[in-house]
Each structure stands twice: as structure tokens, then as C-alpha cells.
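Enquirer: Single-letter residue listing:
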Amino acid sequence: MPRELTQNRIQKIWIPSKDDKPSMPRTSRGGPHLANPPTVIVMVGLPARGKTYISRKLTRYLNWIGIPTKVFNVGEYRREAVKHYSSYDFFKSDNEDAVKIRQQCALAALRDVKTYLTEEEGQVAVFDATNTTRERRDMILDFGAENGFKIFFIESVCDDPNVIACNILEVKVSCPDYQDCNKTDAMEDFKKRIECYRMNYQPLDHDQYDRNLSFIKVIDVGRRFLVNRIQDHIQSRIVYYLMNIHVQPRSIYLCRHGESQHNLQGRLGGDSGLSTRGRKFAGALAKFVEEQNLKDLKVWTSQLRRSIQTAEALNVPYEQWKALNEIDAGVCEEMTYEEVRERFPEEFTLRDQDKYYYRYPSGESYQDLVQRVEPVIMELERQENVLVVCHQAVMRCLLAYFLDKSADEMPYLKCPLHTVLKLTPVAYGCKVESISLNVEAVNTHRDRPEEVKRGPSTLIRRNSVTPLTSPEPNKKPRIEGLDDPIIREVTPAQLTLCSTSHTTLSLSTQHWLSEACLRTFLHYLQVVSVLLFQRT
Amino acid sequence: MSSTEDVIMAIPRELTQNPLRKIWMPCKNGLPEKHISQKRVCMTNCPTLIVTVGLPARGKTYISKKLTRYLNWIGVPTKEFNVGQYRRECLKIYKSFEFFRPDNEEGLKIRKQCALAALNDVRQYLSVEGGQVAVFDATNTTRERRATIMRFAEQNGYKVFFVESVCEDPKVIAENIVQVKLGSPDYTDRNTEEAIQDFMKRIKCYENSYQPLDENLDRELSYIKIMNVGQRYLVNRVLDHIQSRIVYYLMNIHITPRSIYLCRHGESDLNVRGRIGGDSGLSPRGKEFAQYLGRFIQDQNIKDLKVWTSQMKRTIQTAEALGVPYEQWKALNEIDAGVCEEMMYEEIQEHYPLEFALRDQDKYRYRYPKGESYEDLVQRLEPVIMELERQENVLVICHQAVMRCLLAYFLDKSAEELPYLKCPLHTVLKLTPVAYGCKVESIYLNVEAVNTHRDKPENVDISRLPEEALLTVPAHY
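Note that the protein sequences, when read in sequence, are chains A and B.
All residue numbers for the first sequence refer to full-length UniProt numbering, where the first residue is 1 and numbers rise by one.
All residue numbers for the second sequence refer to full-length UniProt numbering, where the first residue is 1 and numbers rise by one.
Rather than coming from a laboratory, the hints here were simulated on the basis of the structure.
Just so you know, not all the hints are guaranteed correct.
Sample of chain A residues with no beta-carbon within 12 Å of chain B, all distances over it, derived [to be verified]: (1) Tyr-85; (2) Ile-164; (3) Gly-269; (4) Asp-271.
Which residues of chain A face chain B? A partial, calculated answer using Cβ under 8 Å [as the list claims (entries may be wrong)]: (5) Leu-5; (6) Arg-9; (7) Tyr-240; (8) Glu-291; (9) Gln-292.
Note that CB positions come from ideal geometry on N, CA and C, so glycine has one too.
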């Protein structure tokens, strides 16, 4: 007898129920089953080859499409263990003490990888280190086999001295290791550090030794790729992503259409035209774009009239993407929030309970939006200078990708009308400049309501499209024998252990709040309370 | 005063919405102006020439045909040009492998002429007929031949992308020969043993002069080298979006034998009443079908079958009866009929006669007001197709319009044919890749259901009478 179906009230997903209560669905996924068992991505390459850049960018992408991913950077473990970095001598292969410490750091990181993947519901762990010797990689392969993890290597090979020098300047010279050095000294030391690794470097050998491994070799910053034995969907997506990203300097401009007629009336959705002020904004946008004096700017709009009207004012070619259309509010399309509250009071409440997962009846959710908008992100990665004229919810999704915001924060990101956000990749992240074009408009932002009673945790979380903020790396001492876990003085650096995405949550058990971070947060509370007591 | 005073209020062009596709375009005096860019994404600025490279029986034609099918389905006009075919036209009768001997001057001359004739047709297709991608399918094993092609491309402003297939596994090569060479027109009068012998000698003729794409010498070229049927890939200098998509596609396809089962949900309550769309449950007959489907699947005894449904109740109810795990894809949801959701065709004719007529005029591109078109559906379904290519045995329980789109991909149907493909309720289509195409078996599971297929009526004019419009509406309760 087939089980009865009920529709989950927030996500509008049909699941089997028993006695009117949702029972465990056989495979409760909001989307395709993406990765099973967990995968460890292992970076390989000499220093300054972009391993950490790739690790973090890839992690951000995977989290955004809903695959819980975390970076484990062995260099950071080393900085924990060895408080003060003196010089490149540490990395000499004949420095026995240092070799021991470095080995222990790698093992500690692997231990945390195991915890993340087996106990914290992580699905992908990125093991970010040089991993330049066969010995080290064999150790990792054994670790993977013992625990039932798939291993996928990403090797970055580059011998262009310009690229390397540039990398060193952008991210090495300013790193904690060199905070007391001047640029020249730092550069010199780092180059010698690279030499320490180069002597023992054994690149992945697709012909013989490593022919059965799954890996991608990224050569010369993406000019060429060697891809060996892709095993599954997630590895295929990773390869596709890596082949589309680039490091050319460029900027991405995000803005909404000019104020629309519906905006003026406080109505959701629809396909209305621009108001007078909206048209004024379009003109201001044209001027702004001209002043930016950009080389080869691409302009993208949705297929809704208000964004096209805005682009029209720029007098340049533009492309219409249906994927950029505003979130479909289903039966609530064209209503005001008051009308929604009146006619669909339950829906109104549910949306505030869980705005990311909430799907309008016969409409969409933010979660659906992310899936819809993914090809846009992929193409944005390929492109250089682009201006995207879109809509509030869509812009929030795009912004969450670039700024690594979680599903929880995404629906509340501030994207006001008549404001352009200029995003410029820099070092490992993204610089944001917010430019208001000085044309008044209504405010369409609804803050997260104060007293929101969190309902029973939504059934379907895993493997659906759920952006997570890339978790902060563990910073607690975790190397046995090298340090004792005591309540130490709370330094400002430690206060930012948990990214804001974690601390703004009430201590409800959100699935994605990693155990480690929760512990750290509680630790922080303990410490603060101790300090407070001390003061009184 | 505010700086907005200085803002030049550009007078933007008026916008009008194309009634068929519901796309907003600038217009002048009420007439649509030549619009700058309406494509959903600009695939490439100039036409692309894909050039296959490799010894015989390495899967070049297989790849060419499959890639062409995929690109056409996603809306990139593509055509393949198989030089072997030109040679068959020219020679009429194939005698033996001797024709391919490198010292056969007469043979070499004819083969070169064929290649040039094919390139000529490529130019016609890309520069005159509006094609966007041409696949030049030949061995192209010498640097000299490839240089000729690149000169040709440069003269005409085409981008070149090479797809080389390298394989030394004798089993794979033998299998290829059996699957596609034995049945080729060249060997219609030979027995199997003779044909294989001859073909192996043919391969030998090419081997000595084979110059594979070289990491150093060819480092400025854009190409993908596929090794051992996808075990390894070398990708060099991907230049643009379309090349990136091609690479992604090629890395996801495989040749492991498997079958794909497509069917619709069981008959639904709305089906019975002649209404489109909605999210209703199964009718009693629909439930019966679900049971039969369960039994059918069991009888098929399929190894590791994956079951996919949409997120609409009727497909999930159908899958539930199978008693196996299944995955819900929102991308498999039925086409959104917008303002016409849950209407009967008779009601659509009554309330939206213009829309109804436009739909009949161009059913593929027609977008329901506040809804979708088949064209939109294809874009929505592309990730499903990509994952289907990766998978092995899969049963997809979906909907009429969605099933038509998927079927059109597998059976290489055009945009014109797609919206009229027959996908009746309670019928499973079993697709099995074979040779260069797909074998289809249609299995009706013997549970009665209404017919939901509406043929294109004769009169599609907006001035037609209601009776003419409703002529082909299938019966319902």
C-alpha cells in the first residue's frame, strides 16, 4: 500500500505521512543526490600556486549550492603550534624538529577532517596543504580508505615567475608569518621557502604512479587542465567550476531595476514598469556606468519589464536572462504584504519563520532561486566586467555567493533600490563598495521579525540546495602535547572566531552550526563571564 | 540642489511585449525595433568549428553525432559534416582498405577533394545559413590537414576547437568495429570476418602518419584530448562559453550499457476532467497504473535503478507505489501554464482565444502569460539531461511536456516536432543507446486512461472560430 502524502507547510514538498504525521521519507531530497560518501579534496602544489585561493573559492561555491564544505588549512594549524615564525629555516627538509611538528599538524588537521565528515554532517573537506610528496599523499589515501572517504586531488602547477611574484605580494607578504617584516624581506624569505619544497616535489604522475587516482591538474592558472578518473557528480561539478574561474582583475556590479510602479504601491512581484523616480535612476545609472570607464562591460537583465527598462537607458547592448527573474510569489503575486497577511495569514507567518526555505504556494523559495541562478554564477565566473540589473531576492542570492553568506542571512541581506554594489575580487575574498545613486526610492526591505518562533526544524535540510557560510577554521589548540586547553585571555582575534553568521543565531540547534563552533561560542561565553566576574 | 539635476534623463525606447514569447523588446511607433540581444545567453560571438581528431574506430562519429544532438537541443544550431560520407558519394563503391594506403595517390587526391567539399559546405552552413557550430568529423590525423583547416577557419572568422579521441584498448576498438563499422555501407557485401580484417588494415594505413595533438607544438590551440573513453582528459585553452559547455558535456557522457525509462505519472484527477497543470492526486486508474508500474519495474530486474520524480503530488504518488527510494527534482515539474493553470482547453479558448491561437502557431516558443514555454522547459531540464548522461539505469516519472522535451533530446527531434511527440499516460518508453542512436521500446501497461494529446488543428489563425480551435481537443469527462 502506497503511503499517504502530505505537503510540508514551509517548503511545499510532498512527503509520505503516517497518521497525518510526516514519516521519514525514503529519500528526502530537495534535489539530486549529490555526494555520497564524503569527499576529501586534497590540494597539491608548491607554495604560492593558488592552493588556498582555490580551496576557499571552491568551498564558498560548494556551500552556496548546498554541499556542506569546510577548508582545513595546515598552515594555520602550524601557526597555532609554532607561535612565532622566524624564517624559512623552519621549512628546511633537514630540520628534524620542524618536520615532526609539521607532520603532527597534518595529522591534527586530518583528525578534524574526520570529525567534520563523520560527526558534523560535513560532506566535503578541503585539505589545504602542499602535499607535494608521494609519502604524504599515500598517507592521506590510507586515511581516506580507512574511513570510507573519496579522495580527489587538485594540483596547481605554475612556473610563470610573474604569477608567483604577484601571488606572494597579494597574500603572503601580509600574512601573520610576516607581520614584523618589510615587503622585500618577506618576499626573499618566502622564495627560499618555496625552494625548500621544490627539491622534494613529486607532481602527480598520470602515466604511472598516480594513474588510478582521481585528480585535476590545473596548469598555468587554467590555461590547461589534466583530468583523471572523475568518479561522481560532485567531482564533475568541481572540475567544471575550476575550469570556469579565472584570476583576471575585473568588477561585478549588482543593482536592482529602478523603482517600479508596484514598488510604489508596496506590491510583490508582477511585471510593472518604472516609476518616474525609477526612470531617473536609470538615467543616473547610465551616467555612473559611463564614468566607471570600463573596458568591455557586459550588461545582463532579467526578462521582466522593469529591469529591461532600466538597461535601455544605458544605451548599450544587454542580454536578457529568464534565470534572473524575481522570485515567483505564486498565489501572492502582485499583493501587498497587508493583503498577504489578510488572505494567507498562515503563509505570512511561515515565511517569517524560515524565509530561506519557505516556498510561496505555487511559487518559489530562496532555495529554488539558488538552483535557478547557479548558471548565472557560473557565467559570471567566466566573464570579466559585468553589470547585473536584477531584483531584490535574486540580488540577495548573488550577493550571498560573492560574500559567503549563509542561507540564514541571505533573505535579509540589504539590497536597497537605486544602489549599486561594486564587487571586486581581492586576495582571498571580495571587496564591496556600495554606491547610492542619489535618487530617492521606497524601502522594500523587511527585517527579520523580532519574536519569530522557530517552528520544528524543517524536515529537509541535507542535500538540498542550502547555502552555508564556509565555516571558520578551528582555532582551538588541538595538537596533543603541544599545548594545554586552558581558559586563555580572550584576544580580539579570538573574539572573531565565529563568523557573525553563527553568533547572531539564537542557540537553537541549527543543523549546520558546526559542533566546534558551538563549543567555541560557549567557551567564549564562559571566558567573558569569568572576565566579568573578575571585574566586579 | 541635488546632483540629480545634472542627470541627463535619457529617453529610453518604449518597450513592447512580443505576444508569442512574452519577451519585452524596444519598439518604435508600435513596431518592434531590431533588438540588440534577446538570446538567453550569448554562446559565442563567432561561429565555432569543432574538428575531430583520431584514428578510425575511436568514437569520433559517435561523439560528433551526440554532441550535435545536444547542442541543437539546447538551442545552438549545429550540424555535422562527415567526410567519410562525402567519400562514399564520390567513390560510389568501396573496394578495400587499399584506397586508404598512404602511397595511393589517386586515393589521396579524392580524399583531399572530399575534405575540401565538406569544408565548403561548412562555410555555407556557418556563414550563409546561420549555423553556429559545425562539427567537422574526419580523422584529421596529420598536422598538415589540421593546418589547412585552421587556415580555412581563420579566413572565415571561425573559432576552432579540436576534439581528439585517443584509445589503445583493443577491446574497445573491437567493440566499436562490431557496433558501427560492420553495418556501414562500405561493408554491406562482406561477411563479418572479412570486414573486420579489412578495417584493421584500414586503421594501419593511418597509424604511421598519425601526429596526435602535441602538448608543446599545439599549445596555442584550443582542444580536448579524450583518452581511453573518458578515463582521462587533457583540456587546453578553452576560449569561451560554448567550448566550456562542450568540455563539460564530453566529460559527463559514457558508453556503459544501460537503459533509461521515461513515463508520466499515473492518470490524475485533473487529467480526467480535461484540465491542464495543477497539483492534483492520482485517480483510481492512476493508482492502479502505479501498482502495475511497480510490478513492471520488478520484472525488468534492473541493476541499481535510480528513480526520479518531479515535486508534484501525482508523480510522487506514482513513485511511492514502487516501494523503492526516489529523488524529487523541481526541474522535472510540468510546464507552468501561468494564467491558464487548471483550465480546460475549452475555457482557454473562451477566455484567451488569442493566446490559444498563438500557441497553435508556434507551440515550441509560445510562453503562457506568467508561465513558461517549451523553450523555457528545455533550459530548465538541461541539468537533468546532464545528470542522466552521468547515470546508468534510471526511471524518470514526469509529465507530458517534460517527457516530450527529454524524448526530443534522446531521439533528436526538432523544436517543431517536440511539442507534438506522443507521450500517452500509462505507457513506459524504454530507451537504450545503440550504435549512433537510441532504441525505443514502448510498453503500455494496460490500464486505461484519458488521452491528453492535442494535435495541431488545421486553422491556427487568430480569426478562427471556436469550433475550429477545439477540433482536436481530446475527450474528457
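Enquirer: Hints first: check each against the structure and report whether it holds.
Expert: A quick look at each hint next to the structure:
1. Tyr-85: It holds; Tyr-85/A is separated from chain B by about 38 Å at its closest Cβ, greater than 12 Å.
2. Ile-164: holds, 20 Å
3. Gly-269: violated, 10 Å
4. Asp-271: violated, 8 Å
5. Leu-5: holds, 6 Å
6. Arg-9: violated, 15 Å
7. Tyr-240: Cβ of Tyr-240/A sits 5 Å from chain B, so the hint holds.
8. Glu-291: violated, 12 Å
9. Gln-292: violated, 15 Å
The structure is inconsistent with the numbered hints 3, 4, 6, 8, 9, although it conforms to all the rest.
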